[in-house]
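Modelling step: build the complete structure from the supplied sequences, incorporating the hints.
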Amino acid sequence: MTHYNKFTLANGLRVIVHEDHTTPMAVLNVLYDVGARDENPEQTGFAHLFEHLMFGGSVNIPEYDEPLQMAGGENNAYTTSDLTNYYITLPAENIETAFWLESDRMLSLAFGEKSLDVQRKVVSEEFKEHYINKPYGDVWHKMRALAYSTHPYRWMTIGKELSHIENAKLEDVKAFFFKFYRPVNAILSVGGNVTLEQVKALAEKWFGDIPSGEKYTRNLPVEPEQTEAHKLEVKANVPLDAIYKCYHMQPRSDKRYYAADLLSDILSSGGSSRLHQVLVKEKKLFSNIECYHFGSLDAGLLTIEGKLVKGVKMKDAEKAIQLELEKLQNEIIPERELQKVKNRVESLLAFEDMSLLNRATNLAFYELLGDAGLMNKEFSNYERVTAEELHQEAKLLFDEKNSNTIYYYAEN
Amino acid sequence: MNRSIPPAIKDAVEFDLKLKPYEKFTLDNGIPVYVVKSDEQETLQLELVFPAGTWYENQSMLALATNFLMKTGTSKHTALEINESIEYYGAYLNRNTFHENATYTLHCLTKHFGELLPVLSEVILDPVFREEELSVYAQNQKQKLAVNLQKCDFVANRYIDQYLFGEFHPYGRVSTMMGYDALQTEALEGFYKKHYTYNNCKIFVAGNLPENMIPLLNQFLGSSKWNGESHLQRLDLPIQPAEEKKFRIFNDENGVQGAVRVARPFPNRYHPDFPKMLVLNTILGGYFGSRLMSNIREEKGYTYGIYSQLYNFRQVSAINIQTEAGRDVCESTIEEIYKELQTLQNVAVPQEELDLVRNYMIGSILGDLDGAFQIIQRWKNLILNDLDENYFYNNIQTIKTITADELQHVAKQYFTPADFFELVVI
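Protein chains in written order, with full-length UniProt numbering: chain A, 1 to 412; chain B, 1 to 426.
Note that these hints are calculated values from the structure, not bench results. Wrong hints could be hidden among the right ones.
Unchecked claim - Pair by pair, the computed Cβ-Cβ distance ranges are:
1. A:F294 - B:K111: 56 to 62 Å
2. B:P215 - A:K231: 56 to 62 Å
3. A:E346 - B:K339: 49 to 55 Å
4. A:E352 - B:Y338: 41 to 47 Å
Said to hold, decoys possible - Going by beta-carbon spacing under 10 Å, a handful of chain A positions derived as facing chain B:
5. T23
6. V59
7. N75
8. P91
9. K174
10. R218
11. G295
12. S347
Claimed, not checked - Here are the simulated DSS-like cross-link-like pairs (lysine-lysine), alpha carbons at most 30 Å apart as the crow flies:
13. A:K255 - A:K134
14. B:K151 - A:K281
15. B:K300 - A:K169
16. B:K300 - A:K121
17. A:K319 - A:K231
18. A:K142 - B:K76
19. A:K134 - B:K144
20. B:K300 - A:K160
21. B:K142 - A:K310
22. A:K283 - B:K144
23. A:K319 - B:K76
24. A:K174 - B:K300
25. B:K76 - A:K283
26. A:K231 - B:K151
27. A:K134 - B:K142
28. A:K235 - B:K194
29. A:K142 - B:K144
30. B:K144 - A:K313
31. A:K313 - A:K401
Just so we're clear, the structure is a prediction, and the values are computed from it rather than from any experiment. Ideal Cβ placement from N, Cα and C applies to all residues, glycine included.
Laid out in structure tokens, this is it:
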């Protein structure tokens, strides 16, 4: 049970406070309700590039990192297709430094040409490091385009192409900031050795006078239901053949999401899971195979990804995967196996909650989903899934018409 | 309210960092158990440590393969059955091999500990090394290696350690396809019997512990002299650094980035310069505001990130500066790295920067000591290196009091560019 208090400032900024007096530390987390899905299709990669620019100084504070490091603090940030999240960890005595820094960059950035110029290069190197200069690095780029025709999940957070980042202009950056980075579109979560009264006073003092901004109403194009299997063959300079199969799953807030998540655990979570046991250990078709998804807020993709043992034919490997999926469609999962994946979730959540930073970040995330209190109900959402529901979900999810497959062949 | 004036802060030197003490128990057969309790959550971590690292192997990958394959079958149960009985409780049994030690670590909910300890005990006391499991392991590791060998950063990490320590030294030895092919179950069995013995075992536990933990540990790990007594000799092995200093390697003609490494050997943690270098290394490339990061990422945009690392190896350490930079700016990156090294030799670190780094480091240690799992980790590192809390407090003292002059003195001694190996792998 993660306890918390919640209040809203007059400008619309939602504030969550999680007191924990067993730690000497404090965390301040700011979540902005904007991700790569909110980008203009001609300016992809913008939400992420923007995250970099948030460290280039704000209207009253030329250097973001230095004063924080002086206060014994550390920080970082990440951007996903759904959201952008910034966090600071520091000794609780110095919590006001975090309020000062985060509120000033919510007020306004410095918007320097130099910062934009350098960060364009830095992000280009990040793009190369992760997506170009790595074997199989382009697969998600290709898969998103294969699986989505309409929804903005069809491009990656880093951007559809390097040129979008290289062509970013300062006016676009400013417009993006004043549209999304406003109190009314943000959630502030403070945790650790702090008190509710202290956070109320500090939030009012530092964030209270920031203009509210206009509430962003998300109106994204809806992905039509997929009616036939999509397939793509790729040949590249990689050492091993690989296969990627993606199935459209339900949005994060849908009841069916939990069934799909448990199915992915049944297929691949540890040495006793089905894909590893049957396809790696018994049939020796894959050197590794896993099933995962990104927990996307809108309808995401459940992915099965494996590297074939040298000499194994692609169609045999795919058939073996399909056989495992058919088993889930045709046979009810044994009670003990269902209990196993539920126990896994219980344990996972308990370990996740050990970290103060995770608790503060998760409270903000669940508030974005609709209510911070959902965090404490998460396990019961998994607990109530029945074997029959998993059976039904497997039938819908692993329908061949719902599949997107990339056959990734080694050139030589 | 004037937003350009920062709020008052409490300075690092004012923080009184305390390393919470451990409790020590001894099992009936003499195995020491180090314990840091905390009742705030429902979880626990139990780690078994053996002197079974790569240092002790006479064949490449023997230590790693032994450690890995212990979990793939016992005389009573198959790999699947073992995995089932751990994973049913949502627990994790992870294994790791390092240069000196090899470990088995259990993470679980406290309420399941009683069910899991017998499984852990069986894996440690009664593994059987089967041909079938070894061949699957070797095949899959070779496939993984083939993929990794296409990555410039992976290849660079292998080469730089070979240059620093020599390809036959345990710190410089790398995995090879041939090495995997040469592995035999008999050799694994022999390595296991010699290194995973009761008298070589140390146990570290943290978190919320069941009342009867010590009796349980006695029952499953402490009641016999399992695998007999084995006395291992740990001799220092001379390093054989490369004679050449500059290397350029083409791994992928079409690569758009190069992995840059600039590195030199450095004395180990027992040397008085080591704590001083911890501070100097942080200034150079140990945090986001470091000299290297400010210049090469934030000023020039050559890379997504650049770091300088101080190895914590037992016999001899090293300083290793590493980054992936755009293919056409790799040489400029190396030039800038040398400039930063020389600046630290020639110009004393300004007081403000030194204060900032002190505060940053102390704040970071304060955060690292938050929670029983983190505290036991600190203790483990001290105990396994035959050190005590004085070492920890001395390091804190160095961070709080080292002067710009002392830092410059250390830089003059160790930051001469000609002493460094440099490598670019594209």
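Quick rundown of the hints versus the structure:
no.: 1; hint: A:F294 - B:K111: 56 to 62 Å; result: violated (31 Å)
no.: 2; hint: B:P215 - A:K231: 56 to 62 Å; result: holds (59 Å)
no.: 3; hint: A:E346 - B:K339: 49 to 55 Å; result: holds (53 Å)
no.: 4; hint: A:E352 - B:Y338: 41 to 47 Å; result: holds (43 Å)
no.: 5; hint: T23; result: holds (5 Å)
no.: 6; hint: V59; result: holds (8 Å)
no.: 7; hint: N75; result: holds (8 Å)
no.: 8; hint: P91; result: holds (5 Å)
no.: 9; hint: K174; result: violated (19 Å)
no.: 10; hint: R218; result: violated (30 Å)
no.: 11; hint: G295; result: violated (19 Å)
no.: 12; hint: S347; result: holds (3 Å)
no.: 13; hint: A:K255 - A:K134; result: violated (37 Å)
no.: 14; hint: B:K151 - A:K281; result: holds (27 Å)
no.: 15; hint: B:K300 - A:K169; result: holds (19 Å)
no.: 16; hint: B:K300 - A:K121; result: holds (8 Å)
no.: 17; hint: A:K319 - A:K231; result: holds (15 Å)
no.: 18; hint: A:K142 - B:K76; result: violated (47 Å)
no.: 19; hint: A:K134 - B:K144; result: holds (14 Å)
no.: 20; hint: B:K300 - A:K160; result: holds (24 Å)
no.: 21; hint: B:K142 - A:K310; result: holds (10 Å)
no.: 22; hint: A:K283 - B:K144; result: holds (18 Å)
no.: 23; hint: A:K319 - B:K76; result: violated (33 Å)
no.: 24; hint: A:K174 - B:K300; result: holds (23 Å)
no.: 25; hint: B:K76 - A:K283; result: holds (23 Å)
no.: 26; hint: A:K231 - B:K151; result: holds (27 Å)
no.: 27; hint: A:K134 - B:K142; result: holds (18 Å)
no.: 28; hint: A:K235 - B:K194; result: violated (48 Å)
no.: 29; hint: A:K142 - B:K144; result: holds (23 Å)
no.: 30; hint: B:K144 - A:K313; result: holds (19 Å)
no.: 31; hint: A:K313 - A:K401; result: holds (23 Å)
In this structure, the earlier hints numbered 1, 9, 10, 11, 13, 18, 23, 28 are contradicted, and the remaining ones agree with it.
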